[in-house]
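Colleague: The hints should help you fit chain Y onto chain L, whose structure is shown.
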Amino acid sequence: AQSVTQLGSHVSVSEGALVLLRCNYSSSVPPYLFWYVQYPNQGLQLLLKYTSAATLVKGINGFEAEFKKSETSFHLTKPSAHMSDAAEYFCAVSEGYGNKLVFGAGTILRVKS
Amino acid sequence: DAGVIQSPRHEVTEMGQEVTLRCKPISGHNSLFWYRQTMMRGLELLIYFNNNVPIDDSGMPEDRFSAKMPNASFSTLKIQPSEPRDSAVYFCASSIGQGAHNEQFFGPGTRLTVL
Chain L
1 AQSVTQLGSH VSVSEGALVL LRCNYSSSVP PYLFWYVQYP NQGLQLLLKY TSAATLVKGI
61 NGFEAEFKKS ETSFHLTKPS AHMSDAAEYF CAVSEGYGNK LVFGAGTILR VKS
Chain Y
1001 DAGVIQSPRH EVTEMGQEVT LRCKPISGHN SLFWYRQTMM RGLELLIYFN NNVPIDDSGM
1061 PEDRFSAKMP NASFSTLKIQ PSEPRDSAVY FCASSIGQGA HNEQFFGPGT RLTVL
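Chains L and Y supply the protein sequences, listed in that same order.
Taking this note's numbering, the leading residue of the first sequence gets 1, the next gets one more, and so forth.
Taking this note's numbering, the leading residue of the second sequence gets 1001, the next gets one more, and so forth.
Simulated from the structure, these hints should not be mistaken for lab results.
Any given hint could be a false lead.
Said to hold, decoys possible - Here are the computed distance ranges between Cβ atoms for each label pair:
no.	chain 1	residue 1	chain 2	residue 2	range
1	L	SER70	Y	LEU1115	30 to 40 Å
2	Y	ASP1063	L	TYR39	29 to 39 Å
3	Y	GLU1062	L	PRO79	42 to 52 Å
Unchecked claim - Facing chain Y, from chain L, some residues (calculated, C-beta under 10 Å):
no.	residue
4	GLN38
5	ASN41
6	TYR50
A quick note: this is a predicted structure, and the numbers were derived from the prediction, not measured.
Glycine residues also receive a C-beta, built at the ideal position from the N, C-alpha and C atoms.
Next up, chain L with everything else stripped away, as it sits in the complex:
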């Protein structure tokens, strides 16, 4: 069965600092991996997705993630945090037919000025 673990329910960084949000997955088949962002009182929005085309995936708003099969990881990074990045971030995995998503518990990112 597929599952996702997000390390750290809360991450705090200073504006301009590196953002690193961790995600590890478990899947019995090559997975499809997603990062979604949720701003307060809004639905989820796709940041980026891994579909086996390239291990380094670039997304919107300057975010990127690297798929590492040996580490079963798909960490999300951004070189320089902006105040507008403050939100909750969810890693999700999908496998096989029928795109059911299994979400991690989420990481709340706080950006300090």
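Modeller: Just chain Y now, kept in the frame of chain L:
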């Protein structure tokens, strides 16, 4: 493009009452998903449809919950009778096809409070 539309955005009801949540997927999308988000359990998939047919309802918590999709542009999630533990944000999402790589587009959610 209007995106996924959900109504109502907020619902407050009393225990025992029937609650109906509504969703209009993005035009042309043929897969529809209902999720529930709570602090304790995070985001959970309740049920999903493909071409208006329920494919997997294993996440529906119990018989008090039911979902329908009478046509490609409308779905409902009903709770009868409602209980305080049903209080959560309910999201509807839609996507094109059933491929595991397909992006799901989420609506703004319905915040349900059962007193």
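Colleague: For every hint, state whether the structure bears it out.
Modeller: Outcome of the hint check:
A hinted range of 30 to 40 Å for the beta carbons of L/SER70 and Y/LEU1115 is inconsistent with their spacing of about 51 Å. Distance hint check: the CB atoms of Y/ASP1063 and L/TYR39 are about 35 Å apart, consistent with the given range 29 to 39 Å. Against the hinted window of 42 to 52 Å, the Cβ-Cβ separation of Y/GLU1062 and L/PRO79 comes to about 47 Å, which satisfies the hint. Residue-level restraint check for L/GLN38 holds (minimum Cβ-Cβ distance to chain Y is 8 Å; threshold 10 Å).
Residue-level restraint check for L/ASN41 holds (minimum Cβ-Cβ distance to chain Y is 8 Å; threshold 10 Å). The interface hint given for L/TYR50 holds, since its Cβ lies 9 Å from the closest Cβ of chain Y, which is under the 10 Å cut-off.
In this structure, the one hint that does not hold is number 1.
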